Amino acid sequence: MSDKSHDPNQMTGAAMIVRALIDHGVTDIFGYPGGAVLPIYDEIFQQSEVQHILVRHEQGAGHAAEGYARSTGKPGVALVTSGPGATNMVTPLTDALMDSIPLVCISGQVPTHLIGNDAFQECDTVGITRPCTKHNWLVRDVNDLAKVLHEAFYVATSGRPGPVLVDVPKDVQFATGTYHPPRKSDVHRSYAPRVKGDATQIRKAVALLAGAKRPVIYSGGGVINSGPEATRLLRELVEVTGFPITSTLMGLGAYPASGKNWLGMLGMHGTYEANMTMHDCDVMLCVGARFDDRITGRVDAFSPGSKKIHIDIDPSSINKNIRVDVPIIGDCGNILGDILQVFKAEAKKPDIKTWWQQIAQWRARNSLYYKKSNDVILPQHAIQSLFEATRGRETYITTEVGQHQMWAAQFYGFEEPHRWMTSGGLGTMGYGLPAAVGVQVAHPDSLVIDIAGDASVQMTMQEMSTAVQYELPIKIFILNNQYMGMVRQWQQLLHGNRLSHSYSEAMPDFVKLAEAYGGVGFQVHKPGDLDGAIQEMISVKRPVLFDCRVASLENCFPMIPSGKAHNEMLLPEQANDEATAKAFAGGKALV
Amino acid sequence: MNQPASAYFIEERHDPNETHTLAVLVQNEPGVLARVIGLFSGRGYNIESLTVSETEAQKHLSRITIVTTGTPMVIAQIKNQLDRMIPVYQVVDMTQTRRSIERELAMVKVRGQGEHRVEALRLADAFRARVIDATTESFVFEITGNTDKINQYIDLMRPLGLVEVSRTGVAAIGRGPEGM
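Chains A and B, in that order, are what the protein sequence lines are.
Under the working numbering, the first residue of the first sequence carries the number 1, and numbering increases by one thereafter.
Under the working numbering, the first residue of the second sequence carries the number 1001, and numbering increases by one thereafter.
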């Protein structure tokens, strides 16, 4: 006879949650306690395998978990209470869904008998988070909990990764049931993401690549999500074919920025050479990217003369915005391997010398040009200085959203994947600071910098307190122009220079603010002081707010006005009033 | 300026809309219908008709039949978006197979007297509608058929004293011996 009280798999729901985290190799979670998760916090208190990072706002927990996930390739875990705890997670969940970041959120819920009663801190968490998760569950029976938790981890990390949420009522946390370790049958039989690409499609793709005269590789975040092997294979494919390569915002670092075939980022604020190469190519290989509207510009004028190959693990990405000729569904690492194998066996490097000459002419336009000044720091110059100062170190960069984000993407050269954490799809201001917290937790000895804007950083500033509490020496490098720069840029270009509410009248003293939190503050006004201050910032082993005062009216170029084609971009030297007015005429309704 | 209103709209203008009937086999679990409906409203797809019921209780399987309209590209999107949901086993485009039968059931209440009553009964006979409730001044007819037949029947009942209609929405199944 087995005595149930001595069965090690008999435990409370709260204990199961901690046990499942351990079984899935989770060492750090981000969260905020509250009434409906107290049993779980009680379990966390009584163990030492899972470290809990206390944030200052649940949104911070979500973004920190995203930063953790994006910089490690492992799932990020957040723990929040019911009601406001759960609703505060909506932004990070949506952010993770848009950028395919594996996130497991565990939320507390009011006891099952109170569900539907408008109880204190009750909300329909699974209802609210249904459209912003890959999948979610409400667990009403403690004996289902282990299965659901294991499935949650599997769903978050397999196929196209994404956020999941498990809502656990308080009585289920208290109830005792049977735990089991992860097993295959925990997963819905209806969920089986395809990994291997179709062999016929792969042959078709190779035939197109081998016959290309004006090819381009356009890679995205999917390559990074697929893992280190996909990155290695992508680099090998570029080497074997000799093709030019560009990348989306999310894909930066998969191919090194110092590589000779690198064209820079493409899209709305991409380089001239990347966008022109996309526009004029005859064969496009899209790897793990999704033809987002920030990439394509005007869809009916997007790369009109090319045959398009699209590798994606999510069938719904195929033909969503752009019709492609050869779709290949599966994991991009797996498919790149197959393509390489067939290409090496049956094709030889196409002669694309004249194409490269054409690209060299586009490169010569120097589309990232800006005029340096001795009096005022140009934001582009600040990023370049930061890049030079951190080169060769293991550096992780996060960003907020806006002009500074685009300048960071343009001027910071990423050599490795997982080093660049940014909110691409959702465009969440306030992402970068908490994301940096998460990255630093995962990489305690690395240099972690949030390239921030003065407006964005104030949205989640409270997480400075988290950084101080856990001695996380994150560096918040604020390009302070006292404006919501990107909002102002659009107002200047599209709304007759009426700068409606895009100027921050009452800027806090960031140095004092840093000190108030227990961190270190810097403020720099002069270009001559910049390099020294950056060095000093790097050497400080505490959280830093670096107030870099930059030219307040600088705008981000080059730019494809929305609704325009890749070959209609506006270059910095052309951006005088007349050309700008013409380029943006009629585009007001667009986002 | 003749600019398209948004990048998303440009593609849609050339292709005419099509109506498709999709059969979706799902795990019967809480929230699964909300997921499917939420997908349609969230992404701006149309639902013309929706029918759902558990079809295999032992395996906890439900079948959702959706009639939707859109350009071929949008229809393909809808199928892919449905297919990637975790509890969805299979999505079959019944219209694309060209080998499916579609039926709908309607209950039609008609109130009238004299010649109208006689005419209603006569038409019911022609349409093979059954009387399932009657009073001295009303009938409730049950009619089964494809959507067009039911629409036609309801139109005919209107001048004869149509009171209300309850319809099940479309159910569809493939012809021949093979299952879905």
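Bear in mind the hints are in silico, worked out from the structure with no lab data behind them.
As the structure is a computational prediction, the values presented were derived from the model and not from experiment.
All C-beta atoms, glycine included, are put in the ideal place defined by N, C-alpha and C.
Watch out, some of these pointers could steer you wrong.
What the hints assert, rightly or not - Within a straight-line C-alpha distance of at most 20 Å, the following computed EDC-like cross-link-like pairs (lysine to aspartate or glutamate) qualify: (1) A:K526 x A:E416; (2) A:K147 x A:D314; (3) A:K512 x A:E471; (4) B:K1059 x B:D1015; (5) A:K196 x B:D1083; (6) A:K353 x A:D280; (7) B:K1059 x A:D186; (8) B:K1059 x A:D144; (9) A:K74 x A:D280; (10) A:K353 x A:D529; (11) B:K1109 x B:E1119; (12) B:K1079 x A:D314; (13) A:K147 x B:E1029; (14) A:K348 x A:D186.
As the list claims (entries may be wrong) - Covered stretches of chain B (in silico footprint by chain A; criterion: 3 or more residues with CB under 8 Å from a CB of chain A, positions within the stretch not fixed): (15) 1072 to 1083; (16) 1144 to 1152.
Numbered hints the structure breaks, given as an ascending list: 1, 2, 4, 9, 10, 14 and 16
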